[in-house]
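Trainee: Top line first, the protein sequences correspond to chains A and B. The first sequence: position 27 = 27 (the UniProt record's numbering), numbered continuously. The second sequence: position 289 = 289 (the UniProt record's numbering), numbered continuously.
Don't read these hints as lab results, they were simulated from the structure. For clarity, every value in this text was computed on a predicted model and none was experimentally measured. We put the CB at the ideal spot given by N, CA and C, even for glycine. A hint or two may mislead.
[As the list claims (entries may be wrong)] Pulled from the structure, derived: some chain B residues nowhere near chain A, Cβ distances all over 12 Å:
hint, residue
1, Y19
2, S160
3, D313
4, E326
[What the hints assert, rightly or not] Below, a list of computed lysine-lysine pairs in the DSSO-like style, where the Cα atoms sit at most 30 Å apart:
hint, chain 1, residue 1, chain 2, residue 2
5, B, K91, A, K184
6, A, K184, B, K92
7, B, K206, B, K41
8, B, K16, B, K81
9, B, K33, B, K16
10, B, K29, A, K184
11, B, K16, B, K304
12, B, K148, B, K46
13, A, K184, B, K114
14, B, K16, A, K184
15, B, K33, A, K184
16, B, K135, A, K184
17, B, K144, B, K41
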Amino acid sequence: MTQPTVSVQGPRTPLAEFWFYFRQNRGAVMGLGYVVFIVLMAILADVLAPHSPTEQFRDFILTPPAFAEGGQAQFLLGTDGVGRDILSRLMHGARLSLLIGLVIVMVSMIMGICFGLLAGYFGGIVDTTIMRLSDILQSLPALLLAIAIVAVLGPSIVNSGLALSLVYLPHYIRLTRASTLAEKNRDYVISSRVAGANPLRLMFITILPNCLAPLIVQGTLGFSNAILDMAALGFLGLGAQPPSPEWGTMLSTAREFIQSAWWVVTFPGLMILTTVLAFNLMGDGLRDALDPKLKQ
Amino acid sequence: MTASEKNIVLQGSELKQHYEVSQGPFKPKGVVKALDGVDFKVEAGKTLAVVGESGCGKSTLARQLTMIETPTAGRIEFNGKNLLTLTGEDKKEARERIQIIFQNPYGSLNPRKKIGQILEEPLVINSEMNPASRKERALYLLEKVGLKHEHYDRYPHMFSGGQRQRIAIARGLMMNPKVVVADEPVSALDVSVQAQVLNLMMDIQKEFGLAYIFISHDLSVVEHIADEVMVMYLGRVVEQGPTHEIFSQPKHPYTRALLSSTPRINPEQRIEKIRLPGELPSPMNPPLGCAFHGRCQYANDRCKHATPELVEDDKGTLIRCFGYDEGRLDYLNE
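Please build the complete structure, drawing on both the sequences and the hints.
Mentor: Put into structure tokens, the structure is as follows:
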């Protein structure tokens, strides 16, 4: 009979531990891989892109992709209606789209967490004020509200980003408040209070980590929403201004070619689809890896 | 001042906790008297058990003592200082010296924190200790409660209920407390584990000279651990005295009924099972007179109209009962 081997492990560093659990979810690792790929592409766009994203090749308007009939080797994914190289535009567009998604999610999440914790923890008049304000925000159609805000502030990427952050804010407030309400009367919170923890410590160190799981998922879903809504704003001329190569704007301006030149619509659409999917997968894995209850 | 009075670490007098309850629009607000004038004293190294059925105010008392809730009226004295008027450093100091152990070890440990972080939290908040000495103290106490050093890096969900309760005890001890309030510390555990945890608590009490306020509805546990027992009914003390006195000869009819529900090994101590009719009355509109009269087979007209006071007998037991005063409780004369 062989002795079972007992592996004695020292305590892992938090990062190594996180990676150990994250690795077990294959979809999440694939998502992470794709996200890293997109991020690298965005960072190295200047080096990788074969052409400038704004240069118009007047002789090659609506050239099909290289692998299709009539394609040109120098335009791997073809050109758009004014002869710009789609591949180069996608690479540069990754910068804008990722940045926008990230900034919008971060801003609305951080603000939402703060307000939600305040509302849930203190209750009473604080709760009522915050929640009624967020109800007002939520009662307006999201895009309409964003348009109204952008119309006041003036059309630009920064302003539409701000507008969308505000539009998404109520989701995060509600999520955080609901989890805070559920957690704040648990015994472990009370025992921290008995130990003398002040409200700030209770809110951010004791309660918040236990509320993170739904927030992370909402964040990754919100990332994709942000990209899509930004595209909608761009379509209305309120978001990224031409000739900025933003994915959503590319998609919107290509709609007149849907019937005649499929590649102009397909590639930006595919980029949005895959990126959103990758973020969602990664979010799932992130939630599992951050939840100690699922660990052995 | 007698020797025993010098040792008193925690003393409560006339503690009251009233909650206002809305009964709907256009109706006056009701007042729930969760605690209605409770007095007690605990000496260092001794255990005061608080027993009673659900809703009698046991847990409210625990929450007052640990400053989770502020009493509506009354005084809580810790080492001779009134806790309720303390401010700043004194309050912090008192807070460190009175700790609590909760009933449910599955809810009282933060699932996101490792054992080490949970144990060290009170030190992080209240002391200037460096991380190395914090860890040293945490490991020392882990050892004291019978856990191993390697448990320091684990999460709460990796432990059994008994182990978790040990961790909760270790956390309570981190700040060198003088008083530990234990709110039904073993009622969520298996019987076999209950004994271990109780023995651990008693060992620790001896070693550190702790005073326990032990809240329980399990009388066999109370008999095992307590020096003094306080029986509560509807926010008031009905009988209070040395454990031996209460268990060998319960005087208040309610105490007797409680005891009759506990299995006893010694046949001489067995009391024929007394069935109390009805339920605990609503604390919102307690009955006139003695709160227990509706369920008491010895109640007479006086019990229905006047409220009895706590009376001390010759053996140091306090009883709140007209029947006892008048000597009409027949079981006492047998």
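Trainee: Against each hint, give a clear statement of whether it holds in the structure.
Mentor: Here's how the hints hold up against the structure:
1. Y19: Non-interface label on B:Y19 holds, nearest chain A Cβ at 15 Å vs cutoff 12 Å.
2. S160: Given that every Cβ of chain A is farther than 12 Å from that of B:S160, nearest at about 15 Å, it holds.
3. D313: Its Cβ never comes within 12 Å of chain A, the nearest being 37 Å, so this holds.
4. E326: 44 Å, holds
5. B:K91 to A:K184: It holds: about 23 Å lies between the C-alpha atoms, which stays within 30 Å.
6. A:K184 to B:K92: Satisfied, since the Cα-Cα distance of roughly 22 Å is no more than 30 Å.
7. B:K206 to B:K41: With Cα atoms ~19 Å apart, B:K206 and B:K41 stay inside 30 Å; holds.
8. B:K16 to B:K81: Roughly 18 Å separates the two Cα atoms, so the pair holds.
9. B:K33 to B:K16: The hint holds at about 8 Å.
10. B:K29 to A:K184: Within the cut-off at roughly 27 Å; holds.
11. B:K16 to B:K304: Holds. B:K16 to B:K304 sits at ~23 Å (cutoff 30 Å).
12. B:K148 to B:K46: 29 Å, holds
13. A:K184 to B:K114: 19 Å, holds
14. B:K16 to A:K184: 25 Å, holds
15. B:K33 to A:K184: 25 Å, holds
16. B:K135 to A:K184: 27 Å, holds
17. B:K144 to B:K41: OK: B:K144 and B:K41 at ~28 Å, within 30 Å.
Hint compliance for this structure: no hint is broken.
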